[in-house]
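Visitor: Sequence:
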Amino acid sequence: MTKIAEKEEKKDLSISRSILRLAACSDLRSSILISLGAGKKSLGDLREIIGSSSTTAIHALRELEKGNLLIQDENKDYALTKIGDIVALKLIDFVQAIDVLKKYETFWLSHDLSDIPEHLLERIGELKESALIEAPAADVLKIFTEFVDMLKNSKEIRGVTSMFIPEFGSLLKELTIEKNVDVELVITKEIFEGIDKESLKEIFAHEGSKLKLYLMGEDLKVAFTVTDSLISFGLFNFDGTYDWNKDLIDTTEEGIKWGLDLFEWYRDLSKEIYL
Numbered sequence: 001m002t003k004i005a006e007k008e009e010k011k012d013l014s015i016s017r018s019i020l021r022l023a024a025c026s027d028l029r030s031s032i033l034i035s036l037g038a039g040k041k042s043l044g045d046l047r048e049i050i051g052s053s054s055t056t057a058i059h060a061l062r063e064l065e066k067g068n069l070l071i072q073d074e075n076k077d078y079a080l081t082k083i084g085d086i087v088a089l090k091l092i093d094f095v096q097a098i099d100v101l102k103k104y105e106t107f108w109l110s111h112d113l114s115d116i117p118e119h120l121l122e123r124i125g126e127l128k129e130s131a132l133i134e135a136p137a138a139d140v141l142k143i144f145t146e147f148v149d150m151l152k153n154s155k156e157i158r159g160v161t162s163m164f165i166p167e168f169g170s171l172l173k174e175l176t177i178e179k180n181v182d183v184e185l186v187i188t189k190e191i192f193e194g195i196d197k198e199s200l201k202e203i204f205a206h207e208g209s210k211l212k213l214y215l216m217g218e219d220l221k222v223a224f225t226v227t228d229s230l231i232s233f234g235l236f237n238f239d240g241t242y243d244w245n246k247d248l249i250d251t252t253e254e255g256i257k258w259g260l261d262l263f264e265w266y267r268d269l270s271k272e273i274y275l
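Mapping to the numbering used here: the sequence shown position 164 is 164, numbers consecutive.
Derived by calculation from the structure, the hints in this document are not laboratory data. Remember, predicted model here, so these are calculated numbers, not experimental data. Please note that the accuracy of each hint is not assured.
[Claimed, not checked] Only pairs whose alpha carbons sit at most 16 Å apart, straight line, appear in this in silico EDC-like list of lysine to aspartate or glutamate:
#: 1; residue 1: K221; residue 2: D112
#: 2; residue 1: K179; residue 2: E202
#: 3; residue 1: K212; residue 2: E253
[To be verified] Computed Cβ-Cβ distance ranges for the label pairs, DEER-style:
#: 4; residue 1: D243; residue 2: S54; range: 46 to 56 Å
#: 5; residue 1: G194; residue 2: K152; range: 18 to 28 Å
#: 6; residue 1: E253; residue 2: S53; range: 37 to 47 Å
#: 7; residue 1: L215; residue 2: L101; range: 28 to 38 Å
#: 8; residue 1: R21; residue 2: I249; range: 31 to 41 Å
#: 9; residue 1: F164; residue 2: R21; range: 23 to 33 Å
#: 10; residue 1: I143; residue 2: K201; range: 27 to 37 Å
#: 11; residue 1: T252; residue 2: E207; range: 29 to 39 Å
#: 12; residue 1: F238; residue 2: I83; range: 34 to 44 Å
#: 13; residue 1: T241; residue 2: D85; range: 42 to 52 Å
No residue lacks a Cβ here, since even glycine has one placed at the ideal position from N, Cα and C.
Produce the entire structure from the sequences given, and follow the hints as far as they go.
Guide: Structure below.
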């Protein structure tokens with residue numbers, strides 16, 4: 001790298017750090033940016049939302065205006081600039097991600113996240129409304145039974161699994177033939193070998209069957225199910241065992257979309273199974 005290029009890189013880094021300090025290193029300025037992300041506001045509106053005096057708010061607003069993140073229009077209302085809009089969106093995304101990570105800190109720290117692709121880790125804040133379900137070992141069978149009942153009442157099921165479920169073939173048969181559920185699953189070779197092939201052949205031969213299976217060529221460290229009403233998301237422990245006792249559940253449109261995108265990512269890496 002030439003000295004000129006190195007100088008330009010340091011200059012760009014300095015500008016980035018300046019905007020980062022301006023937007024994220026003050027609760028007051030962060031609150032103003034997030035608030036204005038929803039639309040322009042008067043000084044009085046901002047004071048009420050952020051809970052500060054006019055003097056304090058004006059000082060923060062002037063700093064943000066000096067940094068070209070907001071402007072004051074002819075009606076004396078404050079609004080974000082185009083740059084401010086983008087910074088506010090990134091700030092909101094960052095805050096939501098931190099909320100999810102801190103809310104279930106032990107869950108994230110104690111499980112293997114290596115099979116969640118980077119682009120979806122970046123969107124982890126979309127699970128902000130999720131709930132962590134923790135079941136004592138004695139209740140795991142009960143939780144599993146409730147999970148199966150939920151599947152039977154779904155219209156669509158998308159999932160990735162790398163652990164064997166008892167009576168997998170008969171469950172698929174009930175879902176697709178008896179319940180007419182639209183099912184697409186990504187499974188590992190080990191799971192495929194354990195499924196009753198006669199049940200699969202019967203399902204695939206059935207007129208109107210909506211079952212599609214995809215084979216993943218390697219072991220997976222995630223297991224999740226996405227239906228038309230929720231995502232149920234589980235992870236593996238660092239010793240390679242699946243944690244049956246903890247499940248992240250999200251029923252929001254945003255959370256379900258995150259789950260569907262994760263499924264599609266794995267589906268694209270897999271090969272469809274034909275019998």
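Visitor: Decide, hint by hint, whether the structure agrees.
Guide: How the hints compare with the structure:
1. K221 to D112: Holds - the C-alpha atoms of D112 and K221 are around 7 Å apart, at most 16 Å.
2. K179 to E202: Given that 16 Å is the threshold and the Cα spacing comes to 15 Å, the pair holds.
3. K212 to E253: With Cα atoms ~24 Å apart, K212 and E253 exceed 16 Å; violated.
4. D243 to S54: 46 to 56 Å: Holds: the Cβ-Cβ distance is about 52 Å, inside 46 to 56 Å.
5. G194 to K152: 18 to 28 Å: At 21 Å between Cβs, range holds.
6. E253 to S53: 37 to 47 Å: holds (39 Å)
7. L215 to L101: 28 to 38 Å: Holds, at about 33 Å.
8. R21 to I249: 31 to 41 Å: holds (38 Å)
9. F164 to R21: 23 to 33 Å: violated (52 Å)
10. I143 to K201: 27 to 37 Å: holds (31 Å)
11. T252 to E207: 29 to 39 Å: Because 36 Å falls inside the window, the suggested range holds.
12. F238 to I83: 34 to 44 Å: holds (42 Å)
13. T241 to D85: 42 to 52 Å: Holds, at about 45 Å.
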